[in-house]
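*Asks:* Please model the complete structure; the sequences and the hints are all you need to start from.
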Amino acid sequence: MHKVIFDTDPGVDDAMALLFLHHHPDIDLLGITTVFGNAEIDVTTRNALYLKREWKIDAPVSRGAGETFIPHRVSHEPPKFIHGDDGLGNIGVPEVTDVHPDPRAAHRFIVETVRANPGEVTIVAVGRMTNLANALKEDPEIVNLVKEIVIMGGAFDVNGNVTPAAEANIHGDPEAADIVMTARWPVVVVGLDVTMQTVMTRSQLADIRDAAGTSRARLLFDLSQFYIDFYEGLVDDGMVVHDSCACVYVVAPELFKTRSGVIRVVCGGLADGQTIQKPDGRSFGPSDWDGDLPSQKICTEIDAPAVLKLIHDVIVAVRED
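Note that the working numbering gives residue 148 to position 159 of the sequence shown, counting from 1, and the numbers run on in steps of one.
What the hints contain is simulated information worked out from the structure, not anything from laboratory work.
One should not assume that every hint holds.
Distance condition first, Cα-Cα at most 25 angstroms in a straight line; then the derived SDA-like pairs of lysine to any residue [what the hints assert, rightly or not]:
#, residue 1, residue 2
1, Lys69, Pro153
2, Lys246, Ala154
3, Lys298, Ser192
4, Lys267, Gly257
5, Lys(-8), Glu43
6, Lys41, Glu109
7, Lys298, Ile46
8, Lys69, Arg191
9, Lys136, Asp15
10, Lys136, Glu109
11, Lys298, Gly202
12, Lys136, Ala105
13, Lys246, Thr289
14, Lys(-8), Glu127
Cβ pair distances, simulated, as ranges [as the list claims (entries may be wrong)]:
#, residue 1, residue 2, range
15, Gly222, Glu309, 32 to 42 angstroms
16, Asp279, Asp211, 50 to 60 angstroms
17, Val147, Glu101, 31 to 41 angstroms
18, Asn133, Pro83, 37 to 47 angstroms
19, Ala241, Arg207, 20 to 30 angstroms
20, Asp196, Ile80, 16 to 26 angstroms
21, Arg207, Lys246, 33 to 43 angstroms
22, Asp87, Asp211, 19 to 29 angstroms
23, Val132, Ile265, 16 to 26 angstroms
Remember, it's a predicted structure, so these values are computed and weren't measured experimentally.
Glycine included, each C-beta is placed from N, C-alpha and C at the ideal position.
*Replies:* Here it is as structure tokens:
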């Protein structure tokens, strides 16, 4: 079993990733921590609580950061044109749910859960890295206790998606991302280099809905339609399942190829949020890259059809709501 904390900003593709984690038989979902990003923190937390209720998820939801690691850093409005005004495709999420969050702040939840399960917890982070950076600030020793950090974010050998240089999750809090990438815990980054190849079509999503025959799958189909409409012209009648790729890596890393090396994040300027890797074995002139920084992995190739099939099979396998 993989013990997982899901750090997320729901978000349409976040919702699919959450349902995958909830259904996968080898995942023990310990908690859901929320962060600002696809919507404001009040909305992403409400959405996580709503999905917890609708999908009967036992894991607690812990509210996380609502602003960047460096307070008052210039940030951008949530991408309502991508995820809708309610963050879940304008399906009409109620303003208030009867499910309440865990009383602990997300970074405290992360610290306490990792310490309670030393060497066993994988953190799958698919939004800003702010909660993880806050956890490291509070308790730096958790780097020795975390099993792995799997991140959906970054763009290394391809362009970004919010600027030519930067991907949205990293661009949203570059300082936090740089802290997380350079900490001495094992990091795997599943970035746009591979996620943009992984497109679930509307018909494939409809097949999941029909084959599962559950209200969970119907809700997933409904909340995804706005997101698919956004991708019109970018992909062929479908959506890129960014966040689910990171979840699939946890249970099926053989579907990916990786490259190791030091990772840094540009903080400021025209390339704000750009992710850069110095591949292991490459020599450059003396620079700040030559310090005592850990080698981390980035994904460079993906078996996209196999990833999509696994997502389909896992969600469809559970036939009861």
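*Asks:* Would you mind marking each hint as holding or not holding in the structure?
*Replies:* Status of the hints after comparison with the structure:
| no. | hint | verdict |
| --- | --- | --- |
| 1 | Lys69 x Pro153 | holds (20 angstroms) |
| 2 | Lys246 x Ala154 | holds (23 angstroms) |
| 3 | Lys298 x Ser192 | holds (13 angstroms) |
| 4 | Lys267 x Gly257 | holds (19 angstroms) |
| 5 | Lys(-8) x Glu43 | holds (22 angstroms) |
| 6 | Lys41 x Glu109 | holds (23 angstroms) |
| 7 | Lys298 x Ile46 | holds (23 angstroms) |
| 8 | Lys69 x Arg191 | holds (21 angstroms) |
| 9 | Lys136 x Asp15 | holds (16 angstroms) |
| 10 | Lys136 x Glu109 | holds (5 angstroms) |
| 11 | Lys298 x Gly202 | holds (17 angstroms) |
| 12 | Lys136 x Ala105 | holds (13 angstroms) |
| 13 | Lys246 x Thr289 | holds (6 angstroms) |
| 14 | Lys(-8) x Glu127 | holds (22 angstroms) |
| 15 | Gly222 x Glu309: 32 to 42 angstroms | holds (38 angstroms) |
| 16 | Asp279 x Asp211: 50 to 60 angstroms | holds (52 angstroms) |
| 17 | Val147 x Glu101: 31 to 41 angstroms | holds (37 angstroms) |
| 18 | Asn133 x Pro83: 37 to 47 angstroms | holds (42 angstroms) |
| 19 | Ala241 x Arg207: 20 to 30 angstroms | holds (26 angstroms) |
| 20 | Asp196 x Ile80: 16 to 26 angstroms | holds (20 angstroms) |
| 21 | Arg207 x Lys246: 33 to 43 angstroms | holds (35 angstroms) |
| 22 | Asp87 x Asp211: 19 to 29 angstroms | holds (21 angstroms) |
| 23 | Val132 x Ile265: 16 to 26 angstroms | holds (21 angstroms) |
Checked against the numbered hints given earlier, this structure breaks none of them.
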